[in-house]
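Novice: As a plain string of letters, each chain reads:
Protein chains: 4
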Amino acid sequence: MIKAGIVGATGYTGVELLRLLAKHPHVEVAVITSRAEAGIKVADIYPNLRGHIDLAFVEPDVAQLSALDVVFFATPHGVAQSMMPALMKSDTRIIDLSADFRIRDVPLWEKWYHQAHAAPDLVAQAVYGLPEVNRAAIKNAKLIACPGCYPTATQLGLIPLLENNLVDPTRLIANAASGASGAGRQAKIDNLLMEISDSFKAYGVSGHRHLPEIEQGLRDVQPKGAAPVNLTFVPHLLPIIRGIHATLYANLLDVNSVPDLQSLYEQRYANEPFVDVLPAGELPQTRSVKGSNVCRISVLRPQSRDTVVVLSVIDNLTKGASGQAVQNMNIMFGFDEKAGLDVVALLP
Amino acid sequence: MIKAGIVGATGYTGVELLRLLAKHPHVEVAVITSRAEAGIKVADIYPNLRGHIDLAFVEPDVAQLSALDVVFFATPHGVAQSMMPALMKSDTRIIDLSADFRIRDVPLWEKWYHQAHAAPDLVAQAVYGLPEVNRAAIKNAKLIACPGCYPTATQLGLIPLLENNLVDPTRLIANAASGASGAGRQAKIDNLLMEISDSFKAYGVSGHRHLPEIEQGLRDVQPKGAAPVNLTFVPHLLPIIRGIHATLYANLLDVNSVPDLQSLYEQRYANEPFVDVLPAGELPQTRSVKGSNVCRISVLRPQSRDTVVVLSVIDNLTKGASGQAVQNMNIMFGFDEKAGLDVVALLP
Amino acid sequence: MIKAGIVGATGYTGVELLRLLAKHPHVEVAVITSRAEAGIKVADIYPNLRGHIDLAFVEPDVAQLSALDVVFFATPHGVAQSMMPALMKSDTRIIDLSADFRIRDVPLWEKWYHQAHAAPDLVAQAVYGLPEVNRAAIKNAKLIACPGCYPTATQLGLIPLLENNLVDPTRLIANAASGASGAGRQAKIDNLLMEISDSFKAYGVSGHRHLPEIEQGLRDVQPKGAAPVNLTFVPHLLPIIRGIHATLYANLLDVNSVPDLQSLYEQRYANEPFVDVLPAGELPQTRSVKGSNVCRISVLRPQSRDTVVVLSVIDNLTKGASGQAVQNMNIMFGFDEKAGLDVVALLP
Amino acid sequence: MIKAGIVGATGYTGVELLRLLAKHPHVEVAVITSRAEAGIKVADIYPNLRGHIDLAFVEPDVAQLSALDVVFFATPHGVAQSMMPALMKSDTRIIDLSADFRIRDVPLWEKWYHQAHAAPDLVAQAVYGLPEVNRAAIKNAKLIACPGCYPTATQLGLIPLLENNLVDPTRLIANAASGASGAGRQAKIDNLLMEISDSFKAYGVSGHRHLPEIEQGLRDVQPKGAAPVNLTFVPHLLPIIRGIHATLYANLLDVNSVPDLQSLYEQRYANEPFVDVLPAGELPQTRSVKGSNVCRISVLRPQSRDTVVVLSVIDNLTKGASGQAVQNMNIMFGFDEKAGLDVVALLP
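Chains as they are written, first to last, in our numbering: chain A, 1 to 348; chain B, 1 to 348; chain C, 1 to 348; chain D, 1 to 348.
Just so you know, these hints were derived from the structure itself, not from any lab.
Hints should not be assumed to be uniformly reliable.
No copy is singled out in the list; a pair is fine if it fits within one copy or between any two copies.
Straight-line distance between alpha carbons at most 25 Å, and here's what the computed PhoX-like set of lysine-lysine pairs gives [said to hold, decoys possible]:
no.	residue 1	residue 2
1	201	41
2	89	224
3	188	23
4	41	338
5	139	89
6	41	3
7	139	3
8	188	201
9	142	338
10	23	338
11	224	142
12	139	41
13	338	89
These numbers come from a predicted model, not from an experiment.
Please model the complete structure; the sequences and the hints are all you need to start from.
Specialist: Below you can see the structure in the form of structure tokens.
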């Protein structure tokens with residue numbers, strides 16, 4: 001059993017980590033921190049944890065965290081980077097679910113996040129925690145930058161096309177929709193049930209922070225010489241709690257020489273424990289992954305025209321955040337990659 | 001006061017027509033038909049109509065309908081065309097909310113609807129009832145083919161770009177999402193609350209019947225010589241009752257010569273009573289049109305790249321069906337175009 | 001046309017007032033106030049009002065309000081009573097949607113609202129604005145205390161039984177459920193979609209402020225000599241936007257002498273424009289009154305035992321707040337009681 | 001590993017059984033039957049099971065079922081009783097989730113279910129599978145009649161009061177609300193999302209089939225000499241997928257001699273693995289048990305009056321059906337009672 005800590009465990013990715021780790025066969029959650037809720041039992045805030053997690057929140061303390069095997073950051077951006085210089089000196093391995101270390105280009109990060117980076121020297125040490133691309137590097141990483149929710153769904157959907165240079169990388173479109181838990185557990189009028197239930201809207205169309213992350217990730221998998229990826233990304237807000245659905249559009253470079261896309265996707269992900277390419281003709285639904293770490297994908301070519309449509313669904317809190325973090329931990333510590341994650345999605 | 005009839009008033013577009021016509025200052029609903037529910041009072045099925053509509057359903061009867069000023073068809077496709085030859089001999093004016101007369105190319109209609117057209121000779125007499133394009137022809141029409149819900153939201157969103165030949169018409173994308181009432185009031189497991197609430201999915205990706213209707217409508221507004229519109233259309237199912245949100249993507253033909261798109265849209269719709277171009281920076285939400293006949297539109301150019309994004313929302317039962325039918329009726333009979341439709345959307 | 005003002009128009013009862021008054025034939029909304037949003041156009045906050053209400057919020061000003069024919073308070077408790085001494089000196093008539101003047105027993109009010117009453121001398125001048133009980137007094141009232149949402153649904157459901165002394169008044173039960181808009185438009189984690197959608201819970205069981213209001217109202221209609229009403233009131237939170245459903249339980253005093261309850265209810269409300277007693281065998285649904293001012297009621301005696309069950313539904317924002325306020329205004333100014341309120345509920 | 005079969009596995013209790021058994025450490029699901037879907041893979045209907053259950057449905061066959069260790073019936077009433085005479089001759093142990101063997105009074109069953117019972121002689125052999133009351137009998141049972149969802153929530157809530165004869169048993173009230181999955185996976189207009197979302201209603205007020213089951217169960221725990229339980233039961237339909245919330249009302253027999261109700265409940269359920277009495281002051285929410293087998297209960301005495309209010313929540317598909325069935329199986333086969341059921345509810 002390894003000992004784990006969670007910094008900032010009061011948010012939705014925090015409680016999701018606790019849900020998953022509470023039943024993980026190789027992990028004991030030893031410390032959960034929250035400045036605001038120090039002294040409060042986590043089960044008093046999250047009644048689903050009653051009888052499963054008996055811990056109370058404590059103030060974050062570097063010495064205490066440094067003594068653990070692994071520390072998860074489930075914090076808003078800016079927090080992890082402020083504690084990282086101290087933590088990196090310990091033997092603790094760190095899995096950061098926030099955006100702090102996802103973007104290698106520090107000025108680009110600073111432009112999108114409107115603040116100076118507090119640990120720019122450590123950015124190069126972070127491994128981007130998308131196992132389907134970086135499994136080998138994750139194994140030995142000291143610091144994992146866990147991918148965002150939209151970036152996970154979008155990259156897994158487009159990687160097979162880009163790796164094989166089949167589509168025009170300069171005019172990709174990611175039309176994505178997220179459940180409201182993606183907005184975090186913050187008191188905002190915009191996310192009241194009376195404001196967003198029974199409605200639907202786009203947001204952040206002029207620029208969403210996940211755009212540079214997605215473009216970086218997609219460019220990483222392109223073959224040499226390909227024009228760099230350029231993406232139009234439009235997120236939408238769904239009146240549901242969990243789930244991301246990405247509808248991806250790409251134009252074929254050569255319609256006269258298109259491989260069997262269904263086979264291409266099935267082969268690319270044949271050995272991936274958490275990517276499920278649906279049989280031809282089936283389309284994914286977000287409910288089919290509710291509470292599970294699976295990404296389900298369909299690839300289509302409507303009307304046999306030159307536009308490929310890829311549909312990709314995940315649970316934003318699981319494969320899009322905390323489940324993926326646990327998957328990274330399993331890889332890092334040599335556990336079965338499915339340990340603690342082999343759950344059936346809750347349906348209906 | 002004119003006398004109106006509704007054929008097939010048990011479905012959702014039927015009850016929406018009744019909701020609107022019950023308070024219309026110039027219309028008396030005289031006949032509502034339903035084979036299945038003949039003899040039943042409409043208020044027994046739709047309790048919101050108690051105290052407003054006292055009619056019972058009757059079997060459809062051509063003679064009775066022929067004596068009315070206007071007859072609405074709120075029926076599945078195939079029904080209106082079977083009764084149309086007889087009705088067209090009367091003086092009654094007809095507004096068909098179904099798909100029967102929307103597509104001028106009869107073989108194309110037959111291909112998509114998998115049946116022989118029962119009144120092919122009458123198709124040419126039908127006027128496509130999109131007032132923002134065809135107001136003059138609607139005024140004198142005998143038979144209106146009311147546009148579908150997705151086609152209304154999509155066409156209103158793309159028309160200004162296509163009329164001015166600003167974008168590549170061969171690679172348009174319409175990523176649209178509809179409330180579940182678009183599926184009609186039919187007993188299907190797929191539309192149970194337990195199957196579709198708290199979830200989201202695409203459907204009909206390989207081919208949806210609204211695709212040829214949208215392409216026809218968009219080609220109609222293109223200037224001569226332009227390459228004909230080619231659209232990738234992906235509909236999605238929202239876990240809400242009412243509302244369509246279309247997210248439209250088009251590539252600018254010449255990024256060095258782009259007019260002010262905000263002004264272009266505002267001017268195009270300046271005199272339209274039911275199209276509201278939002279101020280720059282505001283994005284539409286489906287709830288802002290719930291129960292109203294308004295289409296709200298935003299136009300953006302993210303990151304100043306070459307892809308234009310247009311967002312267009314309507315209530316699928318109102319501007320996407322019954323409200324638009326009433327708007328057509330108002331034009332046909334010389335009423336104020338907003339008569340019976342000047343309602344505030346229900347928010348929250 | 002009379003001139004109306006709304007104090008505190010940024011909340012949900014405020015926007016609902018604006019929705020109703022915007023189309024009222026005899027009212028012009030002249031002033032809407034909000035300290036927090038002064039200078040902002042109401043349509044910028046509530047996009048459904050675009051094209052209907054062009055006003056901007058202003059700071060509340062007694063002199064300006066005093067010049068109006070009627071002023072509505074759509075404020076949290078405590079606000080109306082602080083401005084009332086000044087306003088009562090003017091000729092303006094006042095309709096207070098808050099709880100400030102509902103309870104005649106000032107110490108009781110102070111106990112439940114945890115503050116000293118700022119205008120105790122004016123409480124006796126307020127008329128409790130439940131038209132089905134107090135229509136005559138409302139007609140000439142200077143100051144109306146508009147009933148709360150739960151109290152409206154509960155009182156209308158129990159009045160016929162209590163007026164006729166048919167049930168044990170000391171053990172009444174009101175099990176009620178409200179849509180989330182009843183909680184107001186405030187930034188609270190508890191009312192986020194992710195916290196309350198797809199869930200259900202009771203709240204305020206140990207004591208809810210509507211309890212003393214309901215008990216006062218029910219005692220007022222009891223015949224002399226009856227034991228005073230004693231109510232157990234348990235409110236619940238529904239994951240819907242609008243709607244109150246009250247399930248009321250009362251024990252018959254004499255099972256051997258029970259009148260026809262269906263007739264009793266039908267006769268009691270025969271002349272009420274906004275109370276609809278459903279036919280025997282039909283049960284009310286909150287959606288049947290969505291956006292309308294109607295209260296729909298069913299009365300049953302399950303298994304012919306000695307417990308009567310009454311079901312009563314309203315829209316909490318309409319008959320439970322702003323619609324009832326407009327109904328009061330119509331009575332006060334001699335308008336048709338249904339003016340501006342004769343709308344069909346939005347269904348589906 | 002024991003071998004299990006599920007008869008009628010296409011419904012919601014069937015898929016919930018599969019979700020739970022797929023990860024059960026001691027059970028292999030060997031057979032799943034469905035006449036309508038024979039030949040179809042279960043994962044084609046329930047995409048959450050992809051990768052977890054690879055079985056296809058087969059026609060039900062008594063010989064095949066008789067060879068299993070345990071057979072679950074997840075069928076509509078009438079099915080289990082028709083197959084039971086044959087199955088009872090085998091060594092298979094049977095857990096019937098339907099209503100067929102819940103009511104010991106056969107004529108009473110026939111009155112409420114409107115059909116002749118097909119195996120009246122076997123009714124007396126069935127053990128009512130509420131572990132909190134019948135654990136010893138369950139251990140050795142051949143045939144378990146698994147309790148209904150409303151009966152589980154209601155009985156667990158009222159048992160401590162009735163066992164101790166603290167309340168008037170003749171005027172109990174159970175005001176309960178259920179998620180829509182309780183209605184089963186059947187194609188009915190009444191359960192479409194567009195009919196029941198964003199709404200709330202009571203149903204079955206004049207008589208629901210769970211009433212005689214609840215009354216039987218509650219009478220079983222009353223001390224000798226107590227007046228038999230008489231219950232008013234009003235179920236309501238929630239616009240959510242899973243969850244039951246029962247709000248229970250009982251009048252204290254002697255207000256001058258009331259024990260500490262909080263302690264009473266805590267002690268009664270101290271050793272129950274799936275009943276969680278909340279700390280005083282906390283109220284249960286259905287989301288806190290979503291997907292889990294726990295029943296959470298609060299007991300209150302509002303205003304210190306003579307009416308006790310008990311709040312009881314379960315997941316209708318888990319503790320209200322399939323989870324309870326697995327709990328029974330665990331007891332019957334001597335497994336840890338929490339085996340396969342020790343999951344954290346999905347929140348948010």
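Novice: The structure should be examined with respect to each hint, and the outcome stated for every one.
Specialist: Evaluated hints:
{"no.": "1", "hint": "201 - 41", "result": "between (36 Å within a copy, 21 Å between copies)"}
{"no.": "2", "hint": "89 - 224", "result": "neither (36 Å within a copy, 69 Å between copies)"}
{"no.": "3", "hint": "188 - 23", "result": "neither (32 Å within a copy, 31 Å between copies)"}
{"no.": "4", "hint": "41 - 338", "result": "between (29 Å within a copy, 24 Å between copies)"}
{"no.": "5", "hint": "139 - 89", "result": "within (19 Å within a copy, 56 Å between copies)"}
{"no.": "6", "hint": "41 - 3", "result": "within (19 Å within a copy, 41 Å between copies)"}
{"no.": "7", "hint": "139 - 3", "result": "within (18 Å within a copy, 39 Å between copies)"}
{"no.": "8", "hint": "188 - 201", "result": "both (17 Å within a copy, 22 Å between copies)"}
{"no.": "9", "hint": "142 - 338", "result": "within (21 Å within a copy, 37 Å between copies)"}
{"no.": "10", "hint": "23 - 338", "result": "both (12 Å within a copy, 13 Å between copies)"}
{"no.": "11", "hint": "224 - 142", "result": "neither (28 Å within a copy, 62 Å between copies)"}
{"no.": "12", "hint": "139 - 41", "result": "neither (33 Å within a copy, 37 Å between copies)"}
{"no.": "13", "hint": "338 - 89", "result": "neither (30 Å within a copy, 42 Å between copies)"}
The structure is inconsistent with the numbered hints 2, 3, 11, 12 and 13, although it conforms to all the rest.
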